[in-house]
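From just these sequences and the hints, can you work out the full model?
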Amino acid sequence: MRAVRPDSHPDDERGEFESFYQASYSRLASQLHAYLGDRAEAEDVVQEAFVRAWQRWSGIGRYNDPAAWVRRVAWNLATSRLRRLTVAARMLRRHADPQVVPELGPDHVALVAALRTLSDRHRRAVVLHYLADLSVAEVADDLGVSRGTVLSWLHRGRIRLAAHLMSDDHRR
Amino acid sequence: MTSLTPDLDPEADRRVARLLTAYRETANLSFVAPPVETLVARAGGSTVRRVVLAGVAATVMAVVAGGLMLALSMRQQPPPPLTPAPSPSPTISEPTNAPSLVPPAPVLQTHVPANPVPLSRTPR
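Protein chains in written order, with my numbering: chain Y, 1 to 172; chain W, 1 to 124.
Simulated from the structure, these hints should not be mistaken for laboratory data.
As the structure is a prediction and not an experimental result, all values here were calculated from the model.
Take the hints with a grain of salt, since some may be wrong.
From the structure, some residues in chain W lie toward chain Y, with a derived Cβ separation under 7 Å [to be verified]:
1. Asp9
2. Asp13
3. Arg15
4. Ala22
5. Arg24
6. Ser30
7. Arg42
8. Leu72
Backbone N, C-alpha and C define an ideal beta-carbon position, used for all residues, glycine too.
Given below as structure tokens:
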């Protein structure tokens with residue numbers, strides 16, 4: 001795939017990319033936040049995925065579903081980031097100035113905390129299916145497993161989430 | 001047969017479904033995309049970082065290759081003598097009984113009887 005200099009995009013390509021970016025960023029960031037459990041890391045991997053899309057936009061912009069490409073890149077980045085969350089990845093932290101954004105509500109925080117108790121594959125399946133709106137078949141394809149396996153992971157994930165949320169309620 | 005996974009508690013499961021739906025529909029509102037110029041700057045930074053890393057890698061490779069070449073060329077030269085070689089003495093002469101390289105010529109032996117029979121006898 002050809003890497004393009006960032007300043008060499010024609011104006012129409014840049015406008016097309018910007019529309020796509022503005023329309024897709026928030027949803028993808030919220031999904032990755034649910035998966036990673038860390039807002040800054042989630043925004044960082046999503047921005048990095050869009051940077052890569054921007055560098056190859058002359059090709060990716062012609063895809064039927066460019067969002068799927070960005071989502072896959074972001075999830076791959078998140079998976080490796082999750083493995084080495086502590087050290088070098090923080091050096092590539094976001095360049096954007098801190099912005100004032102609405103905080104997550106208590107229910108969202110509780111859900112993210114509950115998701116963190118799931119195993120990686122269960123959490124990934126739950127987020128992709130229930131939050132990213134991918135079908136079971138799409139999740140299976142994305143994770144390289146069968147549909148039955150995905151259904152099993154979703155079932156176990158919901159059981160675990162329910163147990164954690166109920167015990168959390170009892171502790172309060 | 002006992003199931004390995006317990007059944008879902010309907011009430012708890014409804015709560016999970018409610019939380020997931022609420023998150024899907026509203027959590028994205030708390031994530032604001034930074035200006036696209038930020039991405040462009042970051043892309044430029046990525047490009048510069050890649051170029052710098054490639055330059056560093058090329059330099060390291062060149063230094064390593066040069067070191068290897070130098071080590072190999074030093075290994076191919078004969079080692080210098082540890083002590084100076086003794087100068088030949090002018091008084092040494094060739095040994096007198098040195099074996100000759102030319103094999104000795106074969107000696108032809110003729111059998112000579114001690115009492116030779118006269119070739120001709122005169123009968124008495």
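Now the hints, each set against the structure:
1. At its closest, the beta carbon of Asp9(W) sits 6 Å from a beta carbon of chain Y; the interface hint therefore holds under the 7 Å criterion.
2. Interface hint status for Asp13(W): upheld, as the beta-carbon distance to the closest one in chain Y is roughly 5 Å, under 7 Å.
3. With its C-beta approaching chain Y no nearer than about 6 Å, Arg15(W) sits inside the 7 Å limit, and its interface hint holds.
4. Hint status for Ala22(W): holds, given a least beta-carbon distance of 6 Å to chain Y, under 7 Å.
5. The interface hint given for Arg24(W) is met, as the beta carbon of that residue sits about 5 Å from the closest beta carbon of chain Y, less than 7 Å.
6. For Ser30(W), the interface hint holds, since its Cβ comes within 7 Å of a Cβ in chain Y; the closest pair sits about 5 Å apart.
7. Interface hint at Arg42(W): satisfied, since its Cβ lies 5 Å from the closest Cβ of chain Y, which is below the 7 Å cut-off.
8. At a threshold of 7 Å, the smallest CB-CB gap from Leu72(W) to chain Y is about 36 Å, leaving the interface hint violated.
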